[in-house]
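Number of protein chains: 2
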Amino acid sequence: MNILSIIENKVNKRALSEEEIRFFIDGYVQQEIPDYQIASLLMAIKLHGMNPTETAHLTMAMVHSGHTMDLSSIEGIKVDKHSTGGVGDKTSLVVGPLVASMGMKLAKMSGKGLGHTGGTIDKLESIPGLTTSLTEAQFLQQVQTVGMAIIGQTKSLVPADKLLYALRDVTGTVQSIPLIASSIMSKKIASGAQTILLDVKYGNGAFMKTIEEATVLAKAMVAIGQTLGRDTRAILSDMNEPLGLTIGNRLEVKEAIATLQGQGPKDFTALCVEAAAVMAVQAKLFATYEEASPHVEHQLISGKAYQTFENFIHAQGGDLHVFSIPSLHETHTELPIIVAQSGYVTSIHALTLGLLSVSLGAGRLTKEEIIEYNAGIVLLVKPGDKVRSGDRLCTLYSNKSLQKEWATQALKAFTIEEKAPKVAISTLQMIQ
Amino acid sequence: MNILSIIENKVNKRALSEEEIRFFIDGYVQQEIPDYQIASLLMAIKLHGMNPTETAHLTMAMVHSGHTMDLSSIEGIKVDKHSTGGVGDKTSLVVGPLVASMGMKLAKMSGKGLGHTGGTIDKLESIPGLTTSLTEAQFLQQVQTVGMAIIGQTKSLVPADKLLYALRDVTGTVQSIPLIASSIMSKKIASGAQTILLDVKYGNGAFMKTIEEATVLAKAMVAIGQTLGRDTRAILSDMNEPLGLTIGNRLEVKEAIATLQGQGPKDFTALCVEAAAVMAVQAKLFATYEEASPHVEHQLISGKAYQTFENFIHAQGGDLHVFSIPSLHETHTELPIIVAQSGYVTSIHALTLGLLSVSLGAGRLTKEEIIEYNAGIVLLVKPGDKVRSGDRLCTLYSNKSLQKEWATQALKAFTIEEKAPKVAISTLQMIQ
Numbered sequence: 000m001n002i003l004s005i006i007e008n009k010v011n012k013r014a015l016s017e018e019e020i021r022f023f024i025d026g027y028v029q030q031e032i033p034d035y036q037i038a039s040l041l042m043a044i045k046l047h048g049m050n051p052t053e054t055a056h057l058t059m060a061m062v063h064s065g066h067t068m069d070l071s072s073i074e075g076i077k078v079d080k081h082s083t084g085g086v087g088d089k090t091s092l093v094v095g096p097l098v099a100s101m102g103m104k105l106a107k108m109s110g111k112g113l114g115h116t117g118g119t120i121d122k123l124e125s126i127p128g129l130t131t132s133l134t135e136a137q138f139l140q141q142v143q144t145v146g147m148a149i150i151g152q153t154k155s156l157v158p159a160d161k162l163l164y165a166l167r168d169v170t171g172t173v174q175s176i177p178l179i180a181s182s183i184m185s186k187k188i189a190s191g192a193q194t195i196l197l198d199v200k201y202g203n204g205a206f207m208k209t210i211e212e213a214t215v216l217a218k219a220m221v222a223i224g225q226t227l228g229r230d231t232r233a234i235l236s237d238m239n240e241p242l243g244l245t246i247g248n249r250l251e252v253k254e255a256i257a258t259l260q261g262q263g264p265k266d267f268t269a270l271c272v273e274a275a276a277v278m279a280v281q282a283k284l285f286a287t288y289e290e291a292s293p294h295v296e297h298q299l300i301s302g303k304a305y306q307t308f309e310n311f312i313h314a315q316g317g318d319l320h321v322f323s324i325p326s327l328h329e330t331h332t333e334l335p336i337i338v339a340q341s342g343y344v345t346s347i348h349a350l351t352l353g354l355l356s357v358s359l360g361a362g363r364l365t366k367e368e369i370i371e372y373n374a375g376i377v378l379l380v381k382p383g384d385k386v387r388s389g390d391r392l393c394t395l396y397s398n399k400s401l402q403k404e405w406a407t408q409a410l411k412a413f414t415i416e417e418k419a420p421k422v423a424i425s426t427l428q429m430i431q
Numbered sequence: 000m001n002i003l004s005i006i007e008n009k010v011n012k013r014a015l016s017e018e019e020i021r022f023f024i025d026g027y028v029q030q031e032i033p034d035y036q037i038a039s040l041l042m043a044i045k046l047h048g049m050n051p052t053e054t055a056h057l058t059m060a061m062v063h064s065g066h067t068m069d070l071s072s073i074e075g076i077k078v079d080k081h082s083t084g085g086v087g088d089k090t091s092l093v094v095g096p097l098v099a100s101m102g103m104k105l106a107k108m109s110g111k112g113l114g115h116t117g118g119t120i121d122k123l124e125s126i127p128g129l130t131t132s133l134t135e136a137q138f139l140q141q142v143q144t145v146g147m148a149i150i151g152q153t154k155s156l157v158p159a160d161k162l163l164y165a166l167r168d169v170t171g172t173v174q175s176i177p178l179i180a181s182s183i184m185s186k187k188i189a190s191g192a193q194t195i196l197l198d199v200k201y202g203n204g205a206f207m208k209t210i211e212e213a214t215v216l217a218k219a220m221v222a223i224g225q226t227l228g229r230d231t232r233a234i235l236s237d238m239n240e241p242l243g244l245t246i247g248n249r250l251e252v253k254e255a256i257a258t259l260q261g262q263g264p265k266d267f268t269a270l271c272v273e274a275a276a277v278m279a280v281q282a283k284l285f286a287t288y289e290e291a292s293p294h295v296e297h298q299l300i301s302g303k304a305y306q307t308f309e310n311f312i313h314a315q316g317g318d319l320h321v322f323s324i325p326s327l328h329e330t331h332t333e334l335p336i337i338v339a340q341s342g343y344v345t346s347i348h349a350l351t352l353g354l355l356s357v358s359l360g361a362g363r364l365t366k367e368e369i370i371e372y373n374a375g376i377v378l379l380v381k382p383g384d385k386v387r388s389g390d391r392l393c394t395l396y397s398n399k400s401l402q403k404e405w406a407t408q409a410l411k412a413f414t415i416e417e418k419a420p421k422v423a424i425s426t427l428q429m430i431q
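Sequences listed follow chains L and F, in order.
Just so we're aligned: 34 in numbering that gives the first Met the number 0 is position 35 of the first sequence, and the numbers increase by one with no gaps anywhere.
Just so we're aligned: 113 in numbering that gives the first Met the number 0 is position 114 of the second sequence, and the numbers increase by one with no gaps anywhere.
Simulated from the structure, these hints should not be mistaken for lab results.
Owing to the predicted nature of the structure, the values given are computational and were not obtained by experimental measurement.
Wrong hints could be hidden among the right ones.
What the hints assert, rightly or not - Distance ranges between label pairs, derived from CB positions:
1. 332/F <-> 155/L: 54 to 60 Å
2. 332/F <-> 29/L: 42 to 48 Å
3. 168/F <-> 52/L: 28 to 34 Å
4. 406/F <-> 63/L: 44 to 50 Å
5. 366/F <-> 29/L: 25 to 31 Å
6. 399/L <-> 228/F: 52 to 58 Å
7. 16/F <-> 399/L: 34 to 40 Å
8. 391/F <-> 0/L: 40 to 46 Å
9. 410/F <-> 0/L: 27 to 33 Å
10. 0/L <-> 212/F: 23 to 29 Å
11. 174/F <-> 52/L: 25 to 31 Å
Stated by the list, open to error - Calculated cross-link-like contacts (lysine-lysine; reagent style DSS-like; alpha-carbon spacing at most 27 Å):
12. 208/L <-> 12/F
13. 403/L <-> 418/L
14. 77/L <-> 283/L
15. 218/L <-> 186/L
16. 154/L <-> 77/L
17. 154/L <-> 208/L
18. 12/L <-> 12/F
19. 366/L <-> 381/L
20. 111/F <-> 12/L
By construction, the Cβ of each residue, glycine as well, lies at the ideal position given by its N, Cα and C atoms.
Can you make the complete structure from the sequences, with help from the hints?
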């Protein structure tokens, strides 16, 4: 077996064997196969695809490239969730405490934000005192006692993914269903949970631009999980509009707290309840989604989910005091965005606001950039709302000096029309 | 413009612009774009192809990566020919003197052999004293006075091709019509001739296995030449059987000499006459192939072509004395291959004998291997010949100690059947 015969097989649209896939992953991690040969193979995979068996083998080869978490010391059902990322996506901050308050165990590793999509680790680290760097023993201990813990990706987990992703990023091979699916699933499998819920987002603010693409990715990931013996399901969710009313790290933590106290925005609350209910079914706490759903809502109303959130934050050293004082929004620059015409808000372009939030300091375009935790955007309207000339659409917060183009860019995100839009009723779209 | 957007365009099956093609070729030659990005792009080109305009731009971008030959100081029509390579292919040694003896000027650069295909430079260097390393001034002077000169590829010509070929060789992207066509044509264009004849071989002993593939390659190369304003034509020739009766460097030179003296094997003589006649039409010495052909034959019979050959060899320091003494074949090992059954030779597998000749020492599998000039194979039969049990099919010559598998491998190359085969009548297949 050699790398050239593997490349040739993929060029000729032959499925790669488990041995071939292990050969190139191991060879790359051990620096025996150079970048340029893997780059050529990745492009052949991108253009000729991989079948579900190959994709599962690729996932396992990546899992085996490093350390895997052993959650067997934790009692109870170990669940996990993953979002493909979006604008204003603070779901893990609410779903985590929800499922932990119901007795499930969430040992979660999350990523940092990049580009227009935020990351759970950044949101958590915006909480004064909180650390996302726990030792493995601390991590397991906290999941056992509190019911949940969230830490950053450890370097020892799936080193093949880090290498492959870095290479894909500079060789035009990021957009490939089997490569995306195996990248995500290898980390979930290595993290050790028994059940995995995938929140696959579609729309302008998501990685997958259409619901069709998102469906293909969701099916590919569910197939991997099922092949590898993990209860894996996926929900598809809309990321054409920002999720909830806030974009930016501390602003989103504050919104998550409100949601955990039963006072969150409708769209965001609904998504969190949906996700937690599906996870409860996966954990076999309920037979059906319809049974699970009211119980999940009860966890919000009763304050149990919020209590778990506080325990979780405190366990990781976080101090929530800052979120109850008005100074949270204090930034050098505060810019209200005012609508000129009257009418109905028919859409709010998530990608435009996501990129604007990066300009404001709430995100980063390169891994080295520093995030301003207070920066961000607060929406005052959602699609379907009626506005009059002079009304405020949103407020921009930044510690940078005011840039002319901010207001222009913000206004571009809002479509105002004379006729009221049909506001879509969110329905749970599940792949299992 | 950046390399990622160029890769993305090719992934999305968009034709690359002249600027994009120059950008990646120049960037690679100047070491500004790393191997892995070019590897990814090459695979995308291999799988999604290039249209004739892109291929012409690629060719010119490669030509511009280095020095180009200026043949303007040479009087007369400057012609060139190129063979895609095969087993026993000594065509240039005969066609060169043929066309030079008719007044055309051949300033030719040739390659070394690799694998089962021989190279003109090795055959020439098997002639004692001969050098293929001339200065540019010496080269031009010799073409002017003798009518022809053949030297090795200079490093300054088309450096992009050397880099790209080395990368293609290790990334599974060798087999790609636009990449092969631009590689060959860039060297021909940079060599400066006004007319180019391509001898595109098909069959088991050739790079292109079928006549269909060879036709596609020939058309691609002719299109490049025409787009770039050079009279470019191609002939398709069969490489399922070895060309002529000899394989191996000095053996082939000896056969070329016999052919130039009008005593060569039919198949090889016919190909040389065809090629020279087409070149004479390209050079406008004759209006039609039918007019040119008898004149070319006359150059053989009259001894004029052989006289030019001698002048050419002597000008490059070669001593032909060795070819007129019986010691030419003297090797440590001489192995007659005897047929066991009676019947007709229906085919002689070129690739098998090409690879066997490498084992005997007549060729090299890696660039570093040293060639034994006396080693090789002499055929005593051709397809259509009747043989009796005990007859000799061929003789193997080697300075290595006898290997058991040589005889087995040699016998495998010959198919002997009871019924006489239909011997194909060679017809000129031309692409123009």
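The hints, checked one at a time:
1. 332/F <-> 155/L: 54 to 60 Å: Given a distance of about 59 Å, which is inside 54 to 60 Å, the answer is holds.
2. 332/F <-> 29/L: 42 to 48 Å: About 44 Å separates the Cβ atoms of residue 332/F and residue 29/L, which means 42 to 48 Å holds.
3. 168/F <-> 52/L: 28 to 34 Å: At roughly 31 Å between Cβ atoms, residue 52/L and residue 168/F fall inside 28 to 34 Å, so the hint holds.
4. 406/F <-> 63/L: 44 to 50 Å: For residue 406/F and residue 63/L the Cβ distance comes to about 48 Å; the hint holds.
5. 366/F <-> 29/L: 25 to 31 Å: This hint holds: roughly 27 Å between Cβ atoms.
6. 399/L <-> 228/F: 52 to 58 Å: holds (57 Å)
7. 16/F <-> 399/L: 34 to 40 Å: holds (38 Å)
8. 391/F <-> 0/L: 40 to 46 Å: Once the Cβ atoms are compared, 42 Å apart, the range 40 to 46 Å for residue 0/L and residue 391/F holds.
9. 410/F <-> 0/L: 27 to 33 Å: Distance hint for residue 410/F, residue 0/L holds at roughly 31 Å.
10. 0/L <-> 212/F: 23 to 29 Å: holds (27 Å)
11. 174/F <-> 52/L: 25 to 31 Å: holds (27 Å)
12. 208/L <-> 12/F: Satisfied, since the Cα-Cα distance of roughly 20 Å is no more than 27 Å.
13. 403/L <-> 418/L: Violated, because 30 Å separates the two Cα atoms, which is more than 27 Å.
14. 77/L <-> 283/L: Distance ~12 Å between residue 77/L and residue 283/L Cα, so the pair holds.
15. 218/L <-> 186/L: Given pair residue 218/L, residue 186/L holds - Cα atoms ~17 Å apart, limit 27 Å.
16. 154/L <-> 77/L: holds (22 Å)
17. 154/L <-> 208/L: At roughly 30 Å apart (the allowed maximum being 27 Å), residue 208/L and residue 154/L break the hint.
18. 12/L <-> 12/F: holds (18 Å)
19. 366/L <-> 381/L: Not satisfied, since the Cα-Cα distance of roughly 31 Å exceeds 27 Å.
20. 111/F <-> 12/L: Outside the cut-off at roughly 33 Å; violated.
Hints 13, 17, 19 and 20, counting from the list given before, are not met by this structure.
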